[in-house]
Amino acid sequence: GEDVEQSLFLSVREGDSSVINCTYTDSSSTYLYWYKQEPGAGLQLLTYIFSNMDMKQDQRLTVLLNKKDKHLSLRIADTQTGDSAIYFCAEASGATNKLIFGTGTLLAVQP
Amino acid sequence: GAVVSQHPSWVICKSGTSVKIECRSLDFQATTMFWYRQFPKQSLMLMATSNEGSKATYEQGVEKDKFLINHASLTLSTLTVTSAHPEDSSFYICSARGGGGLSGASYNEQFFGPGTRLTVL
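Those protein sequence lines, which keep their order, are chains A and B. With the first sequence counted from 1, adding 3 to any position gets you the working numbering. With the second sequence counted from 1, adding 68 to any position gets you the working numbering.
Bound conformation, chain A alone:
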């Protein structure tokens, strides 16, 4: 079945870049997403990339997609303390169009 994996934890200093990685198994994924979840809150869509793209940049966010390796990354430039949250990648299953979420990465930004 579909499976989406992420590293559990990432700690960076304020001002540095953060790179959060995600691997998935469904080669028929159509869209891949990055969501941010702050404590006790719902999910905020940060950005998404269509499966035929390699890269997408949106202000401080850069998404890289390696479809051959089924690897997705989110780079946050100039990371701020307000970026501290859990980040989920998700793939839209090509078969069902349901979202399959990754395990989540807790990003801790040290001042």
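There may be inaccurate statements among the hints.
[To be verified] No farther apart than 27 Å at their CA atoms in a straight line, the calculated lysine-lysine pairs in the DSSO-like style are these:
(1) LYS123(B) - LYS39(A)
(2) LYS109(B) - LYS101(A)
(3) LYS82(B) - LYS132(B)
(4) LYS134(B) - LYS88(B)
(5) LYS123(B) - LYS101(A)
(6) LYS70(A) - LYS59(A)
(7) LYS101(A) - LYS88(B)
(8) LYS101(A) - LYS134(B)
(9) LYS73(A) - LYS59(A)
By construction, these hints were calculated from the structure, which means they are not laboratory data.
On the provided structure of chain A, position chain B as indicated by the hints.
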């Protein structure tokens, strides 16, 4: 645009009682709504998919008689946890997907509600 609300934001109930959670799309019509459950420090797990006017489709392992889903209109879906037990305590999040009323957004995009924290004593 594309706002989804949930009510209540949190609820505490006694074991054995039923709890209803509402999910509303405020400024667009949601042809499909999804219900997720999130246990502490874990990812979101899809419970069921509901399309307006038809029965919900439940994921494997989710009891349809325990988690009743109604999607009676294009802007409202409800999840009722019947005979709740402490192991049902979780964060329940809905999302909505649709087209009517949306502008500039992908039809495939899901818009998430803020979640409902259920605690069963």
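- Message: What's the verdict on LYS109(B) and LYS101(A), does the C-alpha distance respect the 27 Å limit or exceed it?
- Response: Cα-Cα ~22 Å, so holds.
- Message: So if I understand the rule, the pair passes when the alpha-carbon distance is 27 Å or less; does LYS82(B) with LYS132(B) pass?
- Response: holds, 21 Å
- Hey, LYS134(B) versus LYS88(B), does the alpha-carbon distance stay inside 27 Å? Cα-Cα ~12 Å, so holds.
- Does the structure keep LYS101(A) and LYS88(B) at a Cα separation of 27 Å or less? holds, 24 Å
- Hint consistency between LYS73(A) and LYS59(A) [alpha-carbon to alpha-carbon, up to 27 Å]: holds, 16 Å
- Query: Can the restraint linking LYS70(A) and LYS59(A) be considered satisfied, given a maximum Cα separation of 27 Å?
  - Reply: Within the cut-off at roughly 14 Å; holds.
- Message: Check whether the Cα positions of LYS123(B) and LYS101(A) lie no farther apart than 27 Å.
- Response: holds, 17 Å
- Going straight from one Cα to the other, do LYS101(A) and LYS134(B) come out at no more than 27 Å? Roughly 22 Å between the alpha carbons, so the hint for LYS101(A) and LYS134(B) holds.
- Task: Mind checking the alpha carbons of LYS123(B) and LYS39(A) for me, to see if they're no more than 27 Å apart?
- Result: violated, 31 Å
In summary, the structure is inconsistent with hint 1 from the numbered list given earlier, while agreeing with all the others.
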